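Visitor: What follows is each chain in one-letter form.
Number of protein chains: 2
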Amino acid sequence: MFKLYSKGCEYALRALTYAASQSGNGRFQARDVCEKVDIPESFTRKVFQALTQGGFLQAVRGPGGGYELTRSPEQITLLDVIEAVEGQDTFEHCVLGFPECGGKHPCPLHETWSKAKKQLMAQLEHRTLQDLADSTTRKKRRAFVSGA
Amino acid sequence: MFKLYSKGCEYALRALTYAASQSGNGRFQARDVCEKVDIPESFTRKVFQALTQGGFLQAVRGPGGGYELTRSPEQITLLDVIEAVEGQDTFEHCVLGFPECGGKHPCPLHETWSKAKKQLMAQLEHRTLQDLADSTTRKKRRAFVSGA
DNA sequence: TGATTAGTGGACCTTTCTATCCACTATTAT
DNA sequence: ATAATAGTGGATAGAAAGGTCCACTAATCA
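First to last, the sequence lines map onto chains A and B.
Per my numbering, numbering of the first sequence is gapless, rising by one per residue and ending at 1185.
Per my numbering, numbering of the second sequence is gapless, rising by one per residue and ending at 1185.
Be careful, since some hints might not be right.
The list cannot tell twin chains apart, which means a pair is met if one copy fits it or any two copies do.
As the list claims (entries may be wrong) - Simulated pairs of lysine-lysine, DSSO-like, Cα-Cα distance not exceeding 27 Å:
| id | residue 1 | residue 2 |
| --- | --- | --- |
| 1 | K1083 | K1155 |
| 2 | K1083 | K1141 |
| 3 | K1044 | K1141 |
| 4 | K1040 | K1155 |
Derived from the structure by calculation, the hints contain no laboratory data.
All of these numbers come straight from a predicted model, not from anything done at the bench.
Given the sequences, and given the hints that come with them, work out the whole structure.
Guide: Below, the structure written as structure tokens:
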């Protein structure tokens, strides 16, 4: 089945989007954010650990601690998050599984897929965590104003 | 990690592309084609069974038997094969895992993903098994002519 | 110093996907 | 009829992804 990214990555996107939408110093706690966006805490913690080791998040221990983004949300694209979680080469594998697929020995789908991939990645590079955070916040504000 | 489709679907595409590239009555045997394109036979047989039950292939038992495509290769797009193996709804799931994601309650990524998906599916609908078969045949002929 | 808070790292379990095996049925040829 | 061929269906095994638990460390506060 089709998968744009793993579950861990999905959780990371949801969690970080929520974190970015919160006003304040930008610090968030794993427990809190997982509860808020309704994703499995233990599992997501592992993803946070990986993002920390990858230099994407900074961990702060002890009371009042949590995580902080090392860049501001408007400087982080979806592709950044995806590649941080999945590795830089997620989109690089030959879709027909030809080990030799490449410039010199392209598989029959190489050109087609290259084109599709380019368009896909352009979309993912185009939007930032801040964009996503804004769109959720807007929605909530609309609901609030309309009394829903 | 990113996956355009499952292993089974990858094998189906490779096998059917090979089958389409063969001259003759269009009948092929599981054992033969799996050997030729170097994919696991037992596993791929299951995929063939599914494609048969889905009306995509016709099975012929006994000596000289095998499978036949129920449509000609130039009438079968990559998207056809993918949806036949993976189900019609492979590309329909919300990428952020929001159960409510849809026209009325779009997730923050809904628009972005819809656009990317449309472009992706356009690519997959554009090429047929015959196209893929032709490109592999052309390559072989080139190699033959050039003496490689 | 001791209690509390919050992230860490490793072991372990469950589910899904991938893969193999084998007895069985249908078909053809001798 | 019998043997050989080719797909079928079910059981089962192995690998990877998804998920949980718990003892531990670091930091803060009383």
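Visitor: Confirm or reject each hint.
Guide: Verification of the supplied hints:
Proximity of K1083 and K1155 under a CA criterion of 27 Å is satisfied in neither setting, with 30 Å inside one chain copy and 33 Å between copies. Taking the shortest alpha-carbon separations for K1083 and K1141, neither the intra-copy value of 39 Å nor the inter-copy value of 33 Å comes in at or below 27 Å. In this assembly of identical chains, the alpha carbons of K1044 and K1141 lie at most 27 Å apart only when taken from different copies (24 Å versus 34 Å within one copy). Proximity of K1040 to K1155 under the C-alpha cut-off of 27 Å is found in both arrangements, the shortest distances being 17 Å within a copy and 15 Å between copies.
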